[in-house]
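Asker: In case you want the letters, here they are:
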Amino acid sequence: MSERRNRRQFGKEAVALAAGAVVAGTGSALGQDEQPKRDARTIALQALMDMVRARYGAHLSDEQLKRVRQKIASGLFMAEALKKTRLENGDEPDFVFQTD
Amino acid sequence: MAQDRIDDGVLFATVRELGERIRARQLSPVALTEAYLDRLEKYGRKLGAVVTVTRDLALTEARAADKEIRAGKFRGPLHGIPYGAKDLLATRGIPTTWGAEPYRKQVFDYDATVIRKLREAGAILVAKLAMVELAGGFGYNQADASFTGPGRTPWNTRFWSGGSSTGPGAATAAGLVAFAIGSETSGSIITPAAYCGVSGLRPTYGRVSRHGAMALSWTLDKLGPMCRSAEDCGLVLSAIAGRDPQDASSAPRPFVFPAQPLQRRFRIGVIKDSAQGAQPAVRKNFELSLQALEKFCTITADVSFPDLPYGPVVSTVINAEGASAFRELLNSGRASQLRAANDRWGGYPGAMILAVDYLQAMRVRAKIKKALDDLYARFDALVAPSRSTVAYPLDETFEKAYPNSGGGPAVIPAGNIAGQPAISIPNGFGPHNLPTGIQFTGRVWSEPRLLAIAHAYQQATDWHRRRPKLA
Chain A
34 MSERRNRRQF GKEAVALAAG AVVAGTGSAL GQDEQPKRDA RTIALQALMD MVRARYGAHL
94 SDEQLKRVRQ KIASGLFMAE ALKKTRLENG DEPDFVFQTD
Chain L
105 MAQDRIDDGV LFATVRELGE RIRARQLSPV ALTEAYLDRL EKYGRKLGAV VTVTRDLALT
165 EARAADKEIR AGKFRGPLHG IPYGAKDLLA TRGIPTTWGA EPYRKQVFDY DATVIRKLRE
225 AGAILVAKLA MVELAGGFGY NQADASFTGP GRTPWNTRFW SGGSSTGPGA ATAAGLVAFA
285 IGSETSGSII TPAAYCGVSG LRPTYGRVSR HGAMALSWTL DKLGPMCRSA EDCGLVLSAI
345 AGRDPQDASS APRPFVFPAQ PLQRRFRIGV IKDSAQGAQP AVRKNFELSL QALEKFCTIT
405 ADVSFPDLPY GPVVSTVINA EGASAFRELL NSGRASQLRA ANDRWGGYPG AMILAVDYLQ
465 AMRVRAKIKK ALDDLYARFD ALVAPSRSTV AYPLDETFEK AYPNSGGGPA VIPAGNIAGQ
525 PAISIPNGFG PHNLPTGIQF TGRVWSEPRL LAIAHAYQQA TDWHRRRPKL A
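Residue numbers (our numbering), protein chains in the order written: chain A, 34 to 133; chain L, 105 to 575.
In case anyone wonders, no lab produced these hints; they're calculated from the structure.
Among these hints, one or two may not hold up.
No farther apart than 25 Å at their CA atoms in a straight line, the calculated lysine to any residue pairs in the SDA-like style are these [stated by the list, open to error]:
hint, chain 1, residue 1, chain 2, residue 2
1, L, Lys473, A, Phe110
2, L, Lys474, A, Ala112
3, A, Lys116, L, Ser428
These numbers come from a predicted model, not from an experiment.
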């Protein structure tokens, strides 16, 4: 999938997640085992937005909070995309801690 | 020494040409500096390219250079050469604003390592150059994203210079400086180089010390030259490269320029689908460039780029590291002072990235590095259009500017994730008299090879010699 199509796909799904869209038994293309993932995403998004409000709510308007929510939703999709790369225990992060 | 009045044409000469004339005492560093200073005052703010003209410092440095050269002490090809620095580089006693209103009055009491090295090479700092606020890390989607206003490409000032090194791109193209120092986290040298029609080199991560440069993303930020030729990029990189004890990520790798000539043709791969989705003029200029390259390169077409999650990796890393680097700004609420509407809220999502998700991105990053290195090992360089379009108009958000163009492999994010070098050089023009660019990307530490290829291309073409007409 090209980068552009990926971005469009993320964008659509992120908007849906951010808007709190729930697809349950609607006859959509999603299968039943997609439902637990969607609920987990929604829960995660809600928890993160609660934290945004608690920490930064005084600095953000309602409209800005809505945009923050969309971007966090997009980030959650990206995080899931990254989990699709198979990693072993020995695959370390690309930085090294060194003592002097 | 030399003429007192400098023709405008001289101001568009390359660093090499200027240096040779200075050394031969045909050109005075003081007169040259005064000419660039006058031009910066005349055009700098109209182009949205300048934050601070450093007149007093520049003339002091120019007089010192003049005195040394008269005494026969010549420091090298940059001696007496005026340059501009992207305003994220600390300069003692002179504001370093990061392009952002909350930092407009910020002054450091030390110089960045790059500034110190350029002074030691005899170069003359004439200006702190404009940039997109915070190097674009909070997700701006419009040209007007600096407190200095939008950067404008001098080829058509209704269009954006490209960012986040807006000032270095515009000032170099407009002959306001002999060269500039820009920076790139993901695209911020390559993009303005393409949109302004200059030669911009993104070095290998670790080639140049980041000490004293604003950090957006500690593991992605790189400083590099923006010049009027690839050869000049090599001369400038020679002065600023090298291990710095104040930047643990800087590497003790020697930079040898120019490279020893190869006894064979360069091996170039064309990244598959990299021109697909490009504007017609971008695609046509790219194809003509390949024809020019065929004269001295062996070209392999349709080289597939590994299908890996470049976008999610680079976004996760920039957003998380950026939110950490600017944590104080976000906590204080002063992000509300930023220019671009998206930037006023855009840093907060990064603060919500889970540690395990950031680490996942950094683990995947290691795999991307390996996959790309395996690919690049077969070639001296891979090529692609620098950008799929010409510069964006100033009055549209980015997503609305050219909705039917774009896509293809994520060459810029991929190269930045892997810390690889790249150089963008001009290769023609497109709609609205706007330049297009071709980028050569290479294996880590392959800057000498990339510069040799780009230099050979520029010896066979003259796009880099074209000059914009300024009103």
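Asker: Quickly compare the C-alpha distance for lysine 116/A and serine 428/L to 25 Å and report which way the hint goes.
Answerer: It holds: about 23 Å lies between the C-alpha atoms, which stays within 25 Å.
Asker: Starting from lysine 473/L, check that the Cα of phenylalanine 110/A is at most 25 Å away, please.
Answerer: holds, 23 Å
Asker: Lysine 474/L and alanine 112/A were given as a pair; does the straight-line alpha-carbon distance stay at or below 25 Å?
Answerer: holds, 21 Å
Violation of the numbered hints given earlier is absent; every hint is satisfied by the structure.
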